[in-house]
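2 protein chains.
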Amino acid sequence: MSLSRRGFIASAGAGVALGAAVGAGAQAYADSSEPVDAVDLSTSYDFYTGSHQVGIATPPQRHCIFMTFDLVAGATSKDLQVLLATWSAAIAQLQAGRTVGQMEPISLSAVATDTGEAYGLSTAGLTVTVGLGPGVFDKRLGLAAHRPKLLAPLPALPSESLDPKLTGGDLSVQACADDPQVVYHAIRDLARLGRGVVEVGWTVMGFGRASAGAEQSTPRNLMGYKDGTRNVSTEAQRAEFVWVDDDAAWAAGGTYQVARKIQMDIEIWDSATMQTQHEVFGRTKVAGAPLTGTREFDTPDFHATAGGKPIIDPDSHVALASPENNRGLRILRRGYNFTDGLNEAGQLDAGLLFIAYMNTPEAFIRLQTKMGRSDKLNEYITHVGSGVFFVPPAPKPGHYLAEQLFG
Amino acid sequence: MSLSRRGFIASAGAGVALGAAVGAGAQAYADSSEPVDAVDLSTSYDFYTGSHQVGIATPPQRHCIFMTFDLVAGATSKDLQVLLATWSAAIAQLQAGRTVGQMEPISLSAVATDTGEAYGLSTAGLTVTVGLGPGVFDKRLGLAAHRPKLLAPLPALPSESLDPKLTGGDLSVQACADDPQVVYHAIRDLARLGRGVVEVGWTVMGFGRASAGAEQSTPRNLMGYKDGTRNVSTEAQRAEFVWVDDDAAWAAGGTYQVARKIQMDIEIWDSATMQTQHEVFGRTKVAGAPLTGTREFDTPDFHATAGGKPIIDPDSHVALASPENNRGLRILRRGYNFTDGLNEAGQLDAGLLFIAYMNTPEAFIRLQTKMGRSDKLNEYITHVGSGVFFVPPAPKPGHYLAEQLFG
Ligand code: HEM
Ligand code: HEM
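Sequences listed follow chains A and B, in order. Okay, so the first sequence: first residue is 1 according to UniProt numbering, each after it adds one. Okay, so the second sequence: first residue is 1 according to UniProt numbering, each after it adds one.
By construction, these hints were calculated from the structure, which means they are not laboratory data. Among these hints, one or two may not hold up.
Said to hold, decoys possible - Stretch by stretch, here's where chain B covers chain A in the computed footprint (C-beta under 8 angstroms, at least three residues):
| id | region |
| --- | --- |
| 1 | 190 to 202 |
| 2 | 239 to 251 |
| 3 | 336 to 346 |
Virtual Cβ for every residue (Gly too), placed ideally from N, Cα, C.
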């Protein structure tokens with residue numbers, strides 16, 4: 001867009017001061033000098049990949065549906081076993097770009113076993129990640145002896161306002177891919193395969209994406225801020241902070257998953273001044289730099305002051321969350337944006353599907369206890385949904401998820 | 001996926017008949033011999049393109065948000081004029097990959113005029129298409145003399161069950177792009193620019209996509225069927241069926257837009273036999289061929305019989321909708337799939353955001369009157385939302401949408 005078109009806009013409308021606010025200071029977000037930006041939909045992940053389930057260290061895809069399931073009354077450990085074996089087989093097929101059964105049976109009196117809407121689509125980097133909630137290890141199924149040591153419902157935490165309909169879950173399924181129809185199909189057909197054994201609990205449909213061209217570019221959340229700049233990103237960090245290694249043998253290579261549905265109050269956020277937004281996060285907006293630096297990946301200096309006051313407010317989101325101020329603690333965040341459409345004020349709502357992985361749920365509890373008390377961000381967000389799950393390691397070929405539980 | 005893995009799945013689970021239904025007859029939907037499937041996000045459309053707004057003849061993108069707006073009480077024609085000029089300027093910026101204002105004002109006490117979440121993203125083929133509802137030409141604004149000849153609220157139609165909260169609208173905005181965040185941002189920032197003059201009415205967030213590799217491949221709806229096989233697709237057809245040319249001068253090159261939110265009852269659909277599904281559409285599922293042919297683009301033969309009965313049921317969806325049985329009538333369909341998450345039965349719901357373009361709304365009324373009475377598909381769908389709009393032609397450079405109304 002050339003300056004002349006900007007000039008036009010300010011003067012458009014023949015006598016009416018039309019569109020004057022528009023275009024003033026508009027910022028190009030697509031830089032045409034960058035390499036062509038394209039999503040490769042042919043990526044695929046093997047389900048029997050190694051020690052860990054995919055969808056955790058996997059680079060975030062553009063779409064995600066997170067869904068929880070609850071065991072129906074009377075479900076037995078055998079029912080759960082069959083479900084996990086069935087889901088494992090189905091996920092292996094789905095990630096390889098196949099249907100879970102026949103979408104057009106040859107016998108006309110038969111009912112299709114796959115719903116068909118992903119037929120003809122590419123794998124689109126689909127990953128399906130299954131977690132087991134605390135309920136799996138309660139008295140109902142007789143599996144209590146196998147409970148992962150640290151798996152228990154999260155305690156009440158400061159400043160949350162959880163909706164009971166969006167809380168808990170015996171199982172979680174996180175399906176992510178670069179094609180929304182592939183994600184929808186995976187979740188729909190897994191839910192169908194679960195009928196009779198599990199009922200659907202709560203769900204969040206997320207989106208988000210890494211930006212054009214540059215490798216290291218960080219996606220933005222719906223507050224307009226880069227989200228994921230300082231994150232667990234190397235295998236060494238994952239070994240230290242994510243994968244479980246001091247638990248029962250069956251749990252080795254697994255991890256804990258904390259999922260939160262966090263509503264944003266974007267009306268209020270959008271009318272906050274630039275200064276307030278900078279203070280809330282402790283970072284600038286376009287660059288995503290710490291207020292003590294100029295570039296996104298500059299290390300924040302939490303001791304720097306100006307005029308006797310800390311430059312990064314101690315109650316800013318990053319000051320409260322950073323490892324420097326939490327005895328080195330880190331979690332792997334893998335969040336997605338969501339909108340449920342129109343909110344009560346008749347505006348497009350917004351939120352963050354926060355999903356984090358860690359080798360102890362205590363990491364989340366510690367951070368959120370502190371942030372729930374004093375994070376400046378709290379004025380603009382509400383935690384409404386919550387669940388904690390143990391994500392077992394990936395099965396070896398010839399086996400299925402959490403098979404050792406049923407020894 | 002090799003046969004051996006299929007063999008494994010059927011025998012997985014060491015002694016438990018696990019996952020037996022899964023994998024039996026599984027069908028590959030990704031054919032690795034096809035060229036790499038990728039979405040090019042660098043496509044962009046100029047807003048001042050020619051005679052017609054984009055988003056109509058434009059190849060469907062993967063995401064779409066459709067939103068209606070209603071003028072607030074007391075809004076004047078001047079208010080509408082300023083809004084259309086402002087939106088035009090903003091849309092031109094958005095489609096060119098720019099923000100609509102500053103996302104990080106230099107003055108820290110200022111409030112950002114762009115919400116920022118699309119900053120750094122590619123244009124992603126964004127098209128924003130604006131329509132004017134019948135209300136724009138009622139007594140309120142004094143524009144009645146300019147009413148496009150055929151613009152009037154749709155009459156009640158058979159078998160619909162419209163929700164008043166999802167009906168009508170003074171303005172419509174259809175934003176489509178290959179990146180959901182680009183679509184979200186466009187709608188959010190246009191809605192913000194409209195505050196004080198319009199309120200949000202109803203909205204549907206759609207997705208869908210053309211499939212891997214092959215040029216002519218047709219996307220599937222959430223019933224698993226190819227949708228769009230026989231559609232208005234050439235410029236000659238658009239000239240005949242889509243663009244308005246016998247109306248007021250300002251309306252030439254415009255078109256009528258009918259939007260319907262159609263809920264699917266996928267529980268019932270998923271348990272219907274293959275024969276029933278074939279009969280409902282008059283087409284097969286994998287190939288999408290008419291029941292009288294074998295390939296997708298074979299022309300259906302509505303006269304062919306077997307055993308004295310028509311092969312394509314006269315009450316099948318395609319028999320009722322096809323031009324052969326409607327004196328040559330055609331409409332341009334540009335639909336998207338949607339899901340609102342969990343329905344009352346606790347299952348992932350599904351539906352079709354039906355958007356069609358035509359040079360007379362009578363085309364839709366005639367078809368839907370007939371289909372609403374006897375379409376076999378009616379057992380599985382419910383029309384819950386509805387609106388009709390006149391989509392003015394694209395503005396010439398230096399002008400804005402529907403400028404001639406305010407002459
Ligand atoms: C809607 C809610 C939230 C939003 C919008 C949000 C946004 C952000 C942003 C913009 C950053 C700075 C960029 C980066 O380093 O990624 C950040 C950092 C971070 N956030 Fe959040 N966040 C939210 C909730 C949470 C929650 C619930 C937690 C955990 C309890 C959390 C933990 C962290 C951590 C650990 C960092 C990295 C801090 C550092 O090392 O500098 N965030 N978040
Ligand atoms: C959820 C609702 C609907 C579904 C699932 C659906 C699905 C389909 C399918 C699968 C086809 C065959 C493939 C094709 O030619 O595109 C088709 C054709 C068609 N549909 Fe629909 N449709 C729906 C609603 C409607 C409505 C409301 C109308 C208009 C009133 C309509 C008009 C047509 C037309 C004109 C054709 C082409 C028929 C031909 O020329 O053979 N459809 N639809």
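ask   = Counting residues of the region 336 to 346 of chain A whose CB is closer than 8 angstroms to a CB in chain B, do you get three or more?
value = Three-residue rule met by the region 336 to 346 of chain A, so holds; n is 6.
request  = Verify the coverage statement for the region 239 to 251 of chain A against chain B, using a C-beta to C-beta distance below 8 angstroms and requiring 3 or more qualifying residues.
outcome  = Result for this restraint: violated, n = 0.
key: Assertion that chain B covers the region 190 to 202 of chain A - criterion: three or more residues, beta-carbon distance below 8 angstroms   = holds (count 6)
The structure does not agree with numbered hint 2 stated previously, though it agrees with all others.
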